[in-house]
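Chains as they are written, first to last, in this note's numbering: chain P, 1 to 485; chain R, 1 to 503.
There may be inaccurate statements among the hints.
To be verified - Stretches of chain P that chain R covers, calculated by requiring three or more beta carbons in the stretch to come under 8 Å of a beta carbon on chain R:
hint, stretch
1, 99-110
2, 235-249
3, 325-335
4, 362-375
Unchecked claim - A short list of chain R residues far from chain P (calculated; beta carbon distances all over 12 Å):
hint, residue
5, Glu61
6, Gly109
7, Thr189
8, Glu224
9, Val271
10, Ala347
11, Asn361
12, Leu403
13, Val453
14, Asp456
15, Gln486
No lab work stands behind these hints, which were simulated from the structure alone.
Quantities reported herein were computed from a predicted structural model and do not represent experimental measurements.
Glycine is no exception: its CB is placed at the ideal position from the N, C-alpha and C atoms.
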Amino acid sequence: MSNALHQLSAVELSQRLQAGTLTSRALVDALIARHEAVNPKVGAFTALDIADVRAQADASDERRRQGKSRGPLEGIPVAIKDNIAVKGQPLTCSSKMLAKLVSPYDAHVTEQLRSAGAILYGRLNMDEFAMGSSTENSALQKTFNPWDLSRIPGGSSGGSAAALAAGLVPLALGSDTGGSIRQPASHCGVVGLKPTYGLVSRFGLVAFASSLDQIGPMARSVEDCELLLQVLATPDARDMTCFDASHRQPLPVAAPAALRIGVPRGFLGKGVAPEVVQALESVLDFYRRQGCAIVEVDLPSADLAVPTYYVVATAEASSNLGRYDGVRYGHRSTQASNPIEMMTNSRSEGFGPEVKRRILLGTFVLSAGYADAYYVRALRARAKIRAEYLGALAKVDVLLTPTVPTPAFKVGEKASDPLQLYLEDIFTIPANLAGLPALSVPCGRSGQLPIGFHLVGAPQSEAKLLAAGKLFEAAHGFAHQQAAL
Amino acid sequence: MSQSTASSDWEIVIGLEVHVQLHTRAKVFASCGWGFGQEPNEQVDAVVLGLPGTLPVVNREAVERSILFGLVVGAEIPERCAWDRKNYFYPDNPKNYQLTQKDFPVVVGGKVEIELPGASRNVMGEHKWIRLHHAHLEEDVGKLSHAGGGSLVDYNRAGVPLLEIVTEPDLRSAAEAEAFLRSLVAMLTQAGVADCDMEKGQLRCDCNVSVRPRGATKLGTRTETKNLNSISGVRDTVIYESARQIRELQAGRTIVQETRGWNAEQGRGYVLRDKEDAHDYRYFPDPDIPTLLISRDTVQRLQQQVPENLYDRQRRYMEKLALPYTAASVLVAQRRLAEWFEEAVAAYPANPQGIANLIANDLLRDLAAGSAESSGEGVSTTPAKTVDDCPLKPAQLAALVKLTDEGLISKQQAKEVFAEMFKTGQDPMVIVDQKGLKQNSDTGELEKIVREVVADPAVAKSIAEYRAGNEKAINALKGPIMKRTQGKANPGLIDQLLRKILG
Numbered sequence: 001m002s003n004a005l006h007q008l009s010a011v012e013l014s015q016r017l018q019a020g021t022l023t024s025r026a027l028v029d030a031l032i033a034r035h036e037a038v039n040p041k042v043g044a045f046t047a048l049d050i051a052d053v054r055a056q057a058d059a060s061d062e063r064r065r066q067g068k069s070r071g072p073l074e075g076i077p078v079a080i081k082d083n084i085a086v087k088g089q090p091l092t093c094s095s096k097m098l099a100k101l102v103s104p105y106d107a108h109v110t111e112q113l114r115s116a117g118a119i120l121y122g123r124l125n126m127d128e129f130a131m132g133s134s135t136e137n138s139a140l141q142k143t144f145n146p147w148d149l150s151r152i153p154g155g156s157s158g159g160s161a162a163a164l165a166a167g168l169v170p171l172a173l174g175s176d177t178g179g180s181i182r183q184p185a186s187h188c189g190v191v192g193l194k195p196t197y198g199l200v201s202r203f204g205l206v207a208f209a210s211s212l213d214q215i216g217p218m219a220r221s222v223e224d225c226e227l228l229l230q231v232l233a234t235p236d237a238r239d240m241t242c243f244d245a246s247h248r249q250p251l252p253v254a255a256p257a258a259l260r261i262g263v264p265r266g267f268l269g270k271g272v273a274p275e276v277v278q279a280l281e282s283v284l285d286f287y288r289r290q291g292c293a294i295v296e297v298d299l300p301s302a303d304l305a306v307p308t309y310y311v312v313a314t315a316e317a318s319s320n321l322g323r324y325d326g327v328r329y330g331h332r333s334t335q336a337s338n339p340i341e342m343m344t345n346s347r348s349e350g351f352g353p354e355v356k357r358r359i360l361l362g363t364f365v366l367s368a369g370y371a372d373a374y375y376v377r378a379l380r381a382r383a384k385i386r387a388e389y390l391g392a393l394a395k396v397d398v399l400l401t402p403t404v405p406t407p408a409f410k411v412g413e414k415a416s417d418p419l420q421l422y423l424e425d426i427f428t429i430p431a432n433l434a435g436l437p438a439l440s441v442p443c444g445r446s447g448q449l450p451i452g453f454h455l456v457g458a459p460q461s462e463a464k465l466l467a468a469g470k471l472f473e474a475a476h477g478f479a480h481q482q483a484a485l
Numbered sequence: 001m002s003q004s005t006a007s008s009d010w011e012i013v014i015g016l017e018v019h020v021q022l023h024t025r026a027k028v029f030a031s032c033g034w035g036f037g038q039e040p041n042e043q044v045d046a047v048v049l050g051l052p053g054t055l056p057v058v059n060r061e062a063v064e065r066s067i068l069f070g071l072v073v074g075a076e077i078p079e080r081c082a083w084d085r086k087n088y089f090y091p092d093n094p095k096n097y098q099l100t101q102k103d104f105p106v107v108v109g110g111k112v113e114i115e116l117p118g119a120s121r122n123v124m125g126e127h128k129w130i131r132l133h134h135a136h137l138e139e140d141v142g143k144l145s146h147a148g149g150g151s152l153v154d155y156n157r158a159g160v161p162l163l164e165i166v167t168e169p170d171l172r173s174a175a176e177a178e179a180f181l182r183s184l185v186a187m188l189t190q191a192g193v194a195d196c197d198m199e200k201g202q203l204r205c206d207c208n209v210s211v212r213p214r215g216a217t218k219l220g221t222r223t224e225t226k227n228l229n230s231i232s233g234v235r236d237t238v239i240y241e242s243a244r245q246i247r248e249l250q251a252g253r254t255i256v257q258e259t260r261g262w263n264a265e266q267g268r269g270y271v272l273r274d275k276e277d278a279h280d281y282r283y284f285p286d287p288d289i290p291t292l293l294i295s296r297d298t299v300q301r302l303q304q305q306v307p308e309n310l311y312d313r314q315r316r317y318m319e320k321l322a323l324p325y326t327a328a329s330v331l332v333a334q335r336r337l338a339e340w341f342e343e344a345v346a347a348y349p350a351n352p353q354g355i356a357n358l359i360a361n362d363l364l365r366d367l368a369a370g371s372a373e374s375s376g377e378g379v380s381t382t383p384a385k386t387v388d389d390c391p392l393k394p395a396q397l398a399a400l401v402k403l404t405d406e407g408l409i410s411k412q413q414a415k416e417v418f419a420e421m422f423k424t425g426q427d428p429m430v431i432v433d434q435k436g437l438k439q440n441s442d443t444g445e446l447e448k449i450v451r452e453v454v455a456d457p458a459v460a461k462s463i464a465e466y467r468a469g470n471e472k473a474i475n476a477l478k479g480p481i482m483k484r485t486q487g488k489a490n491p492g493l494i495d496q497l498l499r500k501i502l503g
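Just need the whole structure built from these sequences, with the hints factored in.
Below you can see the structure in the form of structure tokens.
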């Protein structure tokens with residue numbers, strides 16, 4: 001491993017900072033230099049306030065000098081997806097609608113990072129309002145896959161995954177509604193965890209689909225992901241869906257010696273690329289050699305996941321995005337003669353095509369006369385999917401699949417076919433519908449392009465997922481990899 | 001169907017949806033406070049404004065006030081309640097959806113006793129029970145106003161807790177609707193659920209009216225008149241709208257199901273929108289607020305806070321304490337007044353009527369006078385003075401009644417003493433002593449005066465009549481005696497002495 005600061009893991013950086021061989025200021029200066037050279041090619045960040053970052057780093061170094069270090073993340077930069085509120089910084093959601101919005105408050109996770117001494121390091125590009133799987137829906141800029149700049153980084157947390165793969169930052173926050181952490185992690189060869197629904201507060205996360213959204217950690221190793229998760233996963237009375245202290249299981253726990261790994265019957269069927277099949281088979285071989293039992297499980301309703309998701313998620317989104325009307329904040333149309341017209345025109349001008357498509361779809365499935373056929377049925381299907389997953393996870397420790405059926409596609413390749421794009425999330429969506437934790441870990445290559453595998457566990461089994469991921473990671477060379485840019 | 005012609009051939013059917021702002025410190029889904037008379041957009045925070053990323057948190061105080069209301073009206077408090085989103089676009093609605101309870105309201109059923117006006121002020125009218133369908137807890141919206149060619153929006157009211165109380169179609173006249181609202185307001189304020197200050201918009205009604213030929217069982221087509229902010233507005237709307245519907249039907253036309261508004265200045269209703277323009281609110285369960293479980297412990301604890309029902313109290317005063325209807329109805333109208341009365345009765349249980357009379361006549365008059373004084377030029381926003389605003393204590397009032405009953409002072413003197421007590425809060429005995437009002441019970445001195453009066457030739461005729469067996473003739477001697485003692489003599493003692501001296 002090279003000694004360049006941008007290539008080091010958060011754990012390694014933390015050790016150097018604690019040992020006094022590195023200052024946070026030297027670290028951010030190195031990352032800023034890297035940023036200036038590389039970000040223009042990758043387009044991961046939409047904003048980086050260099051003066052502010054340096055001031056935060058100096059303050060961190062000062063705390064350390066005074067013996068007031070706030071923990072392992074003290075002085076470590078964490079980049080934040082542009083849908084998570086940081087006081088005084090942009091909160092654009094990569095939308096024209098919020099292009100000029102500066103957040104007046106901190107998200108819960110932001111407060112947690114501050115109190116852990118982390119450096120809040122810039123804003124990361126994303127699909128507009130987290131709707132997409134390629135980050136091509138950003139209204140602000142394009143983001144490219146660092147392993148092949150002609151390809152997409154995945155999405156919607158494409159900026160987060162690309163920033164990690166390009167060595168622009170050691171840790172990043174993403175958000176995941178149907179795979180938005182795990183799919184770009186897989187495409188960029190990094191690690192991404194979607195926590196159990198309720199483990200991390202959503203206060204300060206701009207809502208896409210409230211019953212599915214979770215903030216999660218992203219990093220270049222499972223170990224780094226775990227380090228970040230421990231700071232994020234704390235109770236918060238401002239989110240009624242966030243577990244209170246009495247409903248939390250301790251993190252971390254010792255890894256079980258031999259896992260029972262469930263693989264859904266027929267999961268490597270139609271639509272999964274041969275190189276992905278091959279990579280997955282080698283993952284299964286590895287776990288088998290470690291003494292794990294590989295068990296086939298039946299998830300008969302898994303085929304309902306994608307349609308169910310696109311009803312539930314769009315229904316909630318159509319309501320969640322209602323507030324963007326130009327009245328209080330955000331884009332306001334100048335072409336209007338009365339308030340209602342102003343609201344209509346502001347929305348027509350402020351939202352991009354994918355966001356409009358989903359608002360229309362969500363409005364339709366909730367409409368009188370259609371809600372029973374779509375929304376209510378989707379809730380029933382969701383309950384069935386959840387029951388099947390919980391049933392399977394009562395028999396096995398984790399479920400293992402690819403994260404995405406194919407490696408990253410070319411920029412523009414699927415832009416004209418949203419339905420094709422929706423299938424990118426076929427393996428990741430069930431964990432959101434069922435509220436389960438899920439982890440994507442790099443496991444192979446198709447040429448330069450990374451391939452990831454996907455572990456899903458029972459509620460609050462994050463420790464088990466992370467242990468299984470670390471076991472694989474320790475025996476393979478996929479962790480800590482960065483694209484040569 | 002034969003056309004009915006007289007309006008008495010028609011039955012009016014009314015259902016009300018009453019929106020009441022609950023008495024809470026914080027808003028219903030935010031920690032932000034609220035109150036009346038603040039500068040626009042002073043009482044807002046990130047959650048109230050629906051800033052991106054903010055989430056609602058249910059205010060327990062608002063839920064408990066709602067449950068308390070349910071217990072006051074004997075409703076069911078389900079073990080779980082939940083919130084739904086009602087989606088519609090309007091600038092006063094910060095999220096463009098309103099959090100409300102569509103399928104799982106906090107209060108189910110219940111009934112409210114009402115009292116219709118009697119034949120006169122002194123006669124109790126008919127009582128009737130009005131069933132409630134349910135009551136649900138939701139958030140109020142802001143206010144949009146138009147000024148100088150532009151529009152302004154104030155979000156101070158947005159997120160204020162609103163309890164929407166929905167009746168069954170049990171009301172049959174404007175008088176019943178008015179009686180229902182008066183009874184409801186009394187119950188809400190007496191339990192501390194809400195203040196119901198209509199001038200501050202704390203109570204607003206939607207009024208559903210239909211008519212049908214008397215004897216028909218099927219309900220007629222109804223119209224809904226929205227946003228009435230006074231009891232008289234509801235009364236006038238029922239009168240106007242029922243008359244309009246009867247006219248329409250008598251003319252052979254049909255009633256269109258529509259949403260209407262009410263112009264109080266002109267005293268007339270108008271169409272807001274018809275059924276075709278009705279909103280599709282696209283209700284769905286709010287994913288940010290989990291189903292709320294209401295523990296039976298909470299319900300039991302709140303049950304302790306339920307005050308005695310208004311009309312149960314009135315019946316008790318009339319039946320157990322033998323109060324006349326007028327005094328009883330005046331006392332029960334305010335919970336503090338009734339409690340004050342009961343404290344006085346506890347201090348002197350022998351004469352509840354005497355206590356009630358002093359309160360209903362003297363105390364309330366002086367309190368009203370005090371309110372008028374402090375509000376200057378009739379500014380109506382000054383709150384009326386209550387019993388707790390005067391220095392007089394219930395036990396002192398009881399002592400005054402006792403002094404009168406024991407003959408120590410006359411009823412006329414009691415009024416004088418009361419006026420002083422109301423101002424100073426002094427004990428009645430102290431005032432009696434200071435003013436030298438004590439009735440003269442000194443037998444020696446009084447006997448001298450009685451003998452002098454009896455010796456006066458002017459009363460000889462009365463004495464003769466008395467001695468001839470006319471008992472009442474003795475009263476003619478009492479007046480001159482009283483006059484000579486300046487009213488201070490104990491009338492009982494005068495009577496005794498006269499009978500002794502006259503033999």
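So which hints don't hold here, by number, going up?
Going through the list in order, the structure violates no hint and respects every one.
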